[in-house]
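Based on the sequences and whatever the hints tell you, model everything.
Chains S and P, in that order, are what the protein sequence lines are. One point on numbering: in the numbering used here, the residue at position 38 of the first sequence is 38, and numbering is uninterrupted. One point on numbering: in the numbering used here, the residue at position 70 of the second sequence is 70, and numbering is uninterrupted.
In case anyone wonders, no lab produced these hints; they're calculated from the structure. One should not assume that every hint holds.
As the list claims (entries may be wrong) - Derived pair list, reagent style SDA-like, types lysine to any residue, alpha-carbon separation capped at 20 Å: (1) S:87 to P:161; (2) S:83 to S:180; (3) P:218 to P:41; (4) S:87 to P:218; (5) P:112 to S:149; (6) P:108 to S:165; (7) S:218 to P:143; (8) P:207 to P:188; (9) S:87 to S:184; (10) P:73 to P:161; (11) P:108 to S:174.
Stated by the list, open to error - Residues of chain P clear of chain S, computed beta-carbon distances all greater than 12 Å: (12) 52; (13) 79; (14) 104; (15) 189; (16) 226.
Since we're looking at a predicted model, the values are computed, not measured. Built from N, CA and C at the ideal position, the CB exists for glycine as well.
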Amino acid sequence: MNIAEMLSYGFMQRALIGGSLIAILCSVLGVFLVLRRLSLIGDGLSHVTFGSVALALFFRLHSFYMTLAIIPVVLACAMGILKLAQKARIYGDAAIGIVSALGIATGVMLASVAGGFNVDLFSYLFGNILSISTSELIIAAVLFAIVIAGVGIFYNDLFASTFDEELAKSSGINTDRINAILVLLTALTVVLAMKVVGIMLISALLILPAASALQLAKGFRTAICCAAAIGVCTVVSGISLSFVMNLPTGATIVLINFLTFVCAFAARPLFRRR
Amino acid sequence: MSGAALIIKNLSAGYHGSQALQNVSFSVNPGEYLGICGPNGSGKSTLVKVILGLLPPDSGEITLLGTPQLSFKAWQRIGYLPQGLQFFNPHFPATVDEVIRLGRLAGKSFPKRFNQEDTRAVERTMEWMGIAHIRGSMIGELSGGLRQRVLLARALVNDPELLVLDEPTTALDPETRESFYKLIFEMNREKKTTVLLVTHDSATIGKYASHLLYLDKKVIFCGNFDDFCNSTEMTGLFGEHGQHLVCHRH
Chain S
1 MNIAEMLSYG FMQRALIGGS LIAILCSVLG VFLVLRRLSL IGDGLSHVTF
51 GSVALALFFR LHSFYMTLAI IPVVLACAMG ILKLAQKARI YGDAAIGIVS
101 ALGIATGVML ASVAGGFNVD LFSYLFGNIL SISTSELIIA AVLFAIVIAG
151 VGIFYNDLFA STFDEELAKS SGINTDRINA ILVLLTALTV VLAMKVVGIM
201 LISALLILPA ASALQLAKGF RTAICCAAAI GVCTVVSGIS LSFVMNLPTG
251 ATIVLINFLT FVCAFAARPL FRRR
Chain P
1 MSGAALIIKN LSAGYHGSQA LQNVSFSVNP GEYLGICGPN GSGKSTLVKV
51 ILGLLPPDSG EITLLGTPQL SFKAWQRIGY LPQGLQFFNP HFPATVDEVI
101 RLGRLAGKSF PKRFNQEDTR AVERTMEWMG IAHIRGSMIG ELSGGLRQRV
151 LLARALVNDP ELLVLDEPTT ALDPETRESF YKLIFEMNRE KKTTVLLVTH
201 DSATIGKYAS HLLYLDKKVI FCGNFDDFCN STEMTGLFGE HGQHLVCHRH
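In structure tokens form, the structure reads like this:
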């Protein structure tokens, strides 16, 4: 099968466009999260998404409305992680663990009460970007615009807070507000990324392109651009390869990302010597 | 007193119920070089954090450059250099140029964007500090001394009226430390920048500071450095031989 033939399918066009948009979001936010040692927030929020999806399936919501319905739940839980870390005198990782466990427990409980959700829940756990519909692609494009605009508007504050929170505060930056913005943008992205790699592998899409870029980049802006490029390339090649070889798309994307990270790690001395 | 760079009145502050500062009052005039010293746990760093708004006080008033701290917004008029970065990541992908530029965010209104004036200010500061040749280097790849110099450049990029330094040379070797202090002294002399220097190094204060604040949760001494050298507090704190160690100006 040649590339032209592959691209002639409408579902492949939607998958490649949607996947690329989501890859850019995950990679850009991933750089901030990895450098702030908040990498696992993606994992925590994806578990919350699992609980929210179970809730939506419990009420038999259509997949189009499902995305819209779980967004406020995941946003509320994201704020819950921040508030827990601030008010309960615990570190962020413990707060992520608490909210994450709550999400999983809720999901399992609802699945049990409903007598199992058959294949639906499974598709959300492992993702299926090839089944993205036009209406879902529109939602993805709107959320992409919101998140990219958020990052663009607050880019310098996000950079300053990521570099050193105390120095940022001493410059008059409201770091609590910036942290909240970062976590909320991440929550939106996690909901979107669920479709590409599934709930189980979302954190990989947030961490791996950023981690690869950090091996090579000299400069913060370069790291962001490099992460976005790696994210798009790995998602596009993962979708294409999985289609041609009939492999699970989410897992293929993650494995290609891992190989890219290994290559970037090996090439690091060459880039740093420049 | 109304034209003071900093006025602290009856300030008390601390962490989780324990008071690190008790009823502290003092003022600093424009152009003064105030050395702040005291034993471990005397509240020096707490004082800096409260002045900069990083820690809310339990009680008391702070006036920064003529404005009550609670309504103070012109953070570009104040430069801050900590002992080191809070959780420094040696692999952080920021160049020297990018780090110094971050200093220009202070005082900018939403949405915060850099302009040509910011670029010129960064260039000017790098030239003045003698670090223009490393503008493209990664911050994590620099030596401790150079890194502190870059962070000092970040603090100075707005030409601040008040510079707050919290034990800035702790991790530096003696030679680098000396050149660092000379640079700050030069700036205090040439640009009339008000300097607040927290240090354990009493000999440094003797060399460069015009005024001294000795803290031990409360103010033990605050005033002109020469007055301190002739005071009973000096002998009480540093012993009979302290005169040469602390008060000898080179």
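Here is what the structure says about each hint:
no.: 1; hint: S:87 to P:161; in the structure: 36 Å, violated
no.: 2; hint: S:83 to S:180; in the structure: 9 Å, holds
no.: 3; hint: P:218 to P:41; in the structure: 11 Å, holds
no.: 4; hint: S:87 to P:218; in the structure: 30 Å, violated
no.: 5; hint: P:112 to S:149; in the structure: 14 Å, holds
no.: 6; hint: P:108 to S:165; in the structure: 17 Å, holds
no.: 7; hint: S:218 to P:143; in the structure: 17 Å, holds
no.: 8; hint: P:207 to P:188; in the structure: 13 Å, holds
no.: 9; hint: S:87 to S:184; in the structure: 18 Å, holds
no.: 10; hint: P:73 to P:161; in the structure: 14 Å, holds
no.: 11; hint: P:108 to S:174; in the structure: 13 Å, holds
no.: 12; hint: 52; in the structure: 5 Å, violated
no.: 13; hint: 79; in the structure: 9 Å, violated
no.: 14; hint: 104; in the structure: 9 Å, violated
no.: 15; hint: 189; in the structure: 25 Å, holds
no.: 16; hint: 226; in the structure: 32 Å, holds
In terms of the numbered hints stated before, the structure departs from hints 1, 4, 12, 13, 14, listed from lowest to highest.
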